[in-house]
Amino acid sequence: MPSWSVNDQKIPQGRLALVSYVFVTIVVLLMVGFWKLQVVQSGHFADLAERNRVRSIPIIAPRGPMIDREGRVLVDSYPSFSILLMRDDPKSLEKSLPQIEDGLGIDPSDLRQALDAAKSEPKFMPVIIKPAATQADIAFVDSHRADIPVLELMMVQRRRYPHDSMLASAIGYVGEVSVQDMDQSDGHYRPGDLVGKAGLEREYNDQLEGTDGMRRVVVNSVGKVMRTLDNVEAIPGRPVQLTIDYDLQAIAESDMQGKEGAVVAMDARTGEVLAMVSRPTFDPNDFSVRVPKEEWQRLNTDKQTPLLNRAIQAQLAPGSVFKIVMATAMLESKAVPENFTAYCPGSAVFYGRTFHCWRPQGHGTVGLHAAIVDSCDVFFYNVGKQLGIDKISFYASGLGFGRRTGIDLPSEEPGLVPSEEWVERVYHHKWYAGETISVSVGQGAVTVTPIQLARMAAAVASGGTLVQPHLLKSFPNPKVDHFVLSDNTVEQVTQGLYGVVNEGGGTGYHLRLQNIDLCGKSGTAQLMSYDAANRLGNKKMDGWFVGFAPRRNPEIVIAAIVQDTMEHGGEAAGPVVRDIVKAYYDKKTARSQQQATTTSPAEPSSTKPLVATVGVPHP
Amino acid sequence: MKDRPRTQDFDWVLLAIVAAITTLGVLEIYSSTHASAMAGMQWKQLMWLGLGVAGMFIISRIDYHTLMDQAPVLYMFGLATLLVVLAIGHSRFGAKRWVSLGGGPNFQVSELMKLIIIIVLARFFSEVRTDHLTLPDLAKVAVLTIVPVGLILMQPDLGTAMVLVPVAVVGAFLAGIEWKHLAIGFVLVALMIPVAWNMRGHLKPYQQQRIETFLHPEENPRSAGYQVLQSEIAVGSGGFWGKGFGKGSQNQLGFVPVRYSDFILAALAEEQGFIGVCLVLLLYLGLVLRLVDNAQKAKDRAGMYIVMGVTAILGFHVLVNASMVIGYMPVTGIPLPLMSYGGSATAFVFLALGLVMNVRMRRFVN
Chain A
1 MPSWSVNDQK
11 IPQGRLALVS
21 YVFVTIVVLL
31 MVGFWKLQVV
41 QSGHFADLAE
51 RNRVRSIPII
61 APRGPMIDRE
71 GRVLVDSYPS
81 FSILLMRDDP
91 KSLEKSLPQI
101 EDGLGIDPSD
111 LRQALDAAKS
121 EPKFMPVIIK
131 PAATQADIAF
141 VDSHRADIPV
151 LELMMVQRRR
161 YPHDSMLASA
171 IGYVGEVSVQ
181 DMDQSDGHYR
191 PGDLVGKAGL
201 EREYNDQLEG
211 TDGMRRVVVN
221 SVGKVMRTLD
231 NVEAIPGRPV
241 QLTIDYDLQA
251 IAESDMQGKE
261 GAVVAMDART
271 GEVLAMVSRP
281 TFDPNDFSVR
291 VPKEEWQRLN
301 TDKQTPLLNR
311 AIQAQLAPGS
321 VFKIVMATAM
331 LESKAVPENF
341 TAYCPGSAVF
351 YGRTFHCWRP
361 QGHGTVGLHA
371 AIVDSCDVFF
381 YNVGKQLGID
391 KISFYASGLG
401 FGRRTGIDLP
411 SEEPGLVPSE
421 EWVERVYHHK
431 WYAGETISVS
441 VGQGAVTVTP
451 IQLARMAAAV
461 ASGGTLVQPH
471 LLKSFPNPKV
481 DHFVLSDNTV
491 EQVTQGLYGV
501 VNEGGGTGYH
511 LRLQNIDLCG
521 KSGTAQLMSY
531 DAANRLGNKK
541 MDGWFVGFAP
551 RRNPEIVIAA
561 IVQDTMEHGG
571 EAAGPVVRDI
581 VKAYYDKKTA
591 RSQQQATTTS
601 PAEPSSTKPL
611 VATVGVPHP
Chain B
1001 MKDRPRTQDF
1011 DWVLLAIVAA
1021 ITTLGVLEIY
1031 SSTHASAMAG
1041 MQWKQLMWLG
1051 LGVAGMFIIS
1061 RIDYHTLMDQ
1071 APVLYMFGLA
1081 TLLVVLAIGH
1091 SRFGAKRWVS
1101 LGGGPNFQVS
1111 ELMKLIIIIV
1121 LARFFSEVRT
1131 DHLTLPDLAK
1141 VAVLTIVPVG
1151 LILMQPDLGT
1161 AMVLVPVAVV
1171 GAFLAGIEWK
1181 HLAIGFVLVA
1191 LMIPVAWNMR
1201 GHLKPYQQQR
1211 IETFLHPEEN
1221 PRSAGYQVLQ
1231 SEIAVGSGGF
1241 WGKGFGKGSQ
1251 NQLGFVPVRY
1261 SDFILAALAE
1271 EQGFIGVCLV
1281 LLLYLGLVLR
1291 LVDNAQKAKD
1301 RAGMYIVMGV
1311 TAILGFHVLV
1321 NASMVIGYMP
1331 VTGIPLPLMS
1341 YGGSATAFVF
1351 LALGLVMNVR
1361 MRRFVN
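Residue numbers (the numbering used here), protein chains in the order written: chain A, 1 to 619; chain B, 1001 to 1366.
What the hints contain is simulated information worked out from the structure, not anything from laboratory work.
Don't be surprised by glycine CBs; every beta carbon is placed ideally from N, CA and C.
Some hints could be false.
With a Cα cut of at most 30 Å, we get these calculated DSSO-like pairs of lysine-lysine [stated by the list, open to error]:
hint, chain 1, residue 1, chain 2, residue 2
1, A, Lys-10, B, Lys-1297
2, A, Lys-540, A, Lys-385
3, B, Lys-1044, B, Lys-1247
4, A, Lys-479, A, Lys-385
5, A, Lys-479, A, Lys-582
6, A, Lys-430, A, Lys-385
7, B, Lys-1299, A, Lys-10
8, A, Lys-391, A, Lys-479
9, A, Lys-430, A, Lys-391
10, A, Lys-582, A, Lys-540
11, A, Lys-540, A, Lys-473
12, A, Lys-10, B, Lys-1180
13, A, Lys-36, B, Lys-1247
14, A, Lys-540, A, Lys-197
15, B, Lys-1140, A, Lys-10
Here are some chain B residues the structure puts well away from chain A; computed CB gaps all over 12 Å [to be verified]:
hint, residue
16, Leu-1024
17, Ala-1035
18, Gly-1239
19, Gly-1315
Take these sequences, add in the hints, and give me the full structure.
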């Protein structure tokens, strides 16, 4: 028997017992450990387990469409897919890159740049490599799910502007919510959410944006969806019906094609904006995906300011259109007799300075009516001199200049009505009397926006009722200001404005329309002083035309400006006004004929739904 | 005094505890895998258990003295096998641990080394013959242990390598290690920790990651720390009563890593709650106490050392595995004996239990 197996030693019972005690202690400690997790912290871990297995997937609510006053779609949304690149597996990512570049037609350097930009972000955050996937792209991702697992599709709702740049300045555009807006929204917005950034998209963002839905799903440890727990459908944004008339808008757009300037057409009685154009402009579709940095730079630094809505933001010298205000001030204040006449030799000297009339050969002796019709500057220089700047300022302000019209668009500009008080406050010197002469013909310090001009003309023709312009069809309680004008004033001024278009020798005679009492006033604002323009040979001007119809209590009023033109306002901007007015009346005639047939008792059932949607816009 | 060892002398109480633990294990394996691509795994586990029980009977028939006689041969055989594995074994999960057994199932040879080290150290401690373990003896024990540990570490398999150490520690303790040597040993281990920390650059990346993960689990929620975190979530969310059999979301949806094997206790904790965990831990406590009881009743010190070797390894497995599941120890790939799915591991446990039965059957034999 080997030495080691000789059974001559006792079993060390004590030490064996000690080993048992050690193990008992360990088991007790383990139980304490499990107790801590399973009893003390069980709520916390139950919560974590729930979050583990339940994933909330947002369902993006489509933004509400914008429709015109007759229900025609101006803006809508459509479901689209973005292609995501998963970055949590760098090895297979690198391997698939060439294939992805090839299959999706992405420039390798762009792809690299997108990946580099996301370097500091956590690995599980995917990168959007193609925001608007085409059918072919989607097919590519779907068919390569097995061999390119790093690609994923995400459904998004994208904004669509089917008429491209039509009405773009008023509509505005959408973009990703800014960090500040996100912070202020109290958790309402998440990164990447689209919000209205400008124009109506911004003004009516609350109505247009829906409420995103949420799908709660159970996922397994590799993220595969096992089943759906519940589904809160997205609530789509509400549609916004605009006062815009697509037909009139289209005419305004085509008339302004290639020009610089703005048009605003408005229902003179209600303030409903029927058409609004600003040129140059942009295509909001470019913003609905992602604006390339260079494009954004270009839009912002372009001297022609395509992002400006000139109809409400361009503050310009009104030129001779301001003579409507002058004539009103003259008649209302009675500071100048009604039968006042002036002799116009083509220029006149005031305070030692020569002021030219637009017609170098002069108008001869003119009274108020003729001075309006042929836009005699010398007549109104004299009127202005007698009125003084403060009376002019009073009536200009009363007719809505120098303050915002309150149109439902962001960032409207107020323009400027100069006064003695203003010049002292801002320039700390006394008012130069000579400046009054310039202001009398809408030059000098006075500036207005096209929407203000349209409203002013409507106000004068309707006896002093200033309506609040608006683009929302169901705009609640548009504000109405009253700057009451005497009937005599209204009659005389509108006669003059009627003459502009309908009397031979009027600056707008070429614009006259059969059976339509189109009235208006042209204006031509010099961009630099008379002398400087002559010296430099620069004859570029801003050409205005403000027109309305009919003569008293007009239905439609239009202000148009064509900037940087060689033509006078009547020639440059007049045809735009004429075309819109003509189209307005053509539609009106067609509508009343249709109404006559559909309401005939012989065919009561043939009432087309079109009538219902058109409604009765002009009660 | 009986002349022959008899199967009736098996420790039936011990086997009842084993049966209870394996039953819970098989049920939990079923629960964890029935709804997945691995469905039916419980049948395989039952097959391993059957093979294990057969192995237990076979090994119990060979007198442990005979086995100990062959200790040097077994030791050399074990080391040679480990070397062969390092040379030709095939990798699985980034480590060479497996040898192909002639077209049959692969066998993790380090499991075999566990059995061999039990026998070798039992033989060594039996030869000491005093109640005072001298320093040279201690050094020999260390060398005997460190050689296979080193070879297993080179596979690399930190978990199994560590498992050999308790056999030496418990054996040395029973052999009468001096308290001051024990104290010095503890101090040395304490000193080793910072050294090992500075050496971590030499570890395999996955080991480094496991250590980093253990120290800072929250920093890397998608990788290895993710495993521990998911395990803790499973355990914690199970609560006191558990979510019910087959109803643990962490388990059923696959958030718990290797839920049928190394993390089976997390799966059970989620579905059976604190109550279930306590039952399991008490069964293991019963197992260990019963093993110690067998050691106390062994005929000789050789038998005692064998039983306590088995006890040390099984106890260590339970301690490390349960601690890992609740995030108290790093993930080392040490399964929960008798519950975790696995052929080699199950085979080892039953062969080890066979040694225990071997000793018990012969306590009255002369």
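Results of checking the hints against the structure:
1. Lys-10(A) <-> Lys-1297(B): 11 Å, holds
2. Lys-540(A) <-> Lys-385(A): Satisfied, since the Cα-Cα distance of roughly 28 Å is no more than 30 Å.
3. Lys-1044(B) <-> Lys-1247(B): 23 Å, holds
4. Lys-479(A) <-> Lys-385(A): Answer violated: Lys-479(A) to Lys-385(A) is near 34 Å, above 30 Å.
5. Lys-479(A) <-> Lys-582(A): 28 Å, holds
6. Lys-430(A) <-> Lys-385(A): The given pair, whose Cα atoms are some 16 Å apart, holds under the 30 Å limit.
7. Lys-1299(B) <-> Lys-10(A): 9 Å, holds
8. Lys-391(A) <-> Lys-479(A): Holds, at about 25 Å.
9. Lys-430(A) <-> Lys-391(A): 16 Å, holds
10. Lys-582(A) <-> Lys-540(A): Holds. Lys-582(A) to Lys-540(A) sits at ~29 Å (cutoff 30 Å).
11. Lys-540(A) <-> Lys-473(A): 38 Å, violated
12. Lys-10(A) <-> Lys-1180(B): Within the cut-off at roughly 23 Å; holds.
13. Lys-36(A) <-> Lys-1247(B): At roughly 22 Å apart (the allowed maximum being 30 Å), Lys-1247(B) and Lys-36(A) satisfy the hint.
14. Lys-540(A) <-> Lys-197(A): Judged against 30 Å, a Cα distance of about 34 Å means the pair is violated.
15. Lys-1140(B) <-> Lys-10(A): Holds. Lys-1140(B) to Lys-10(A) sits at ~23 Å (cutoff 30 Å).
16. Leu-1024: 15 Å, holds
17. Ala-1035: 10 Å, violated
18. Gly-1239: 4 Å, violated
19. Gly-1315: Nearest chain A Cβ is 5 Å from Gly-1315(B), so the label is violated.
When held up to the earlier numbered hints, the structure conflicts with 4, 11, 14, 17, 18, 19 and fits the remainder.
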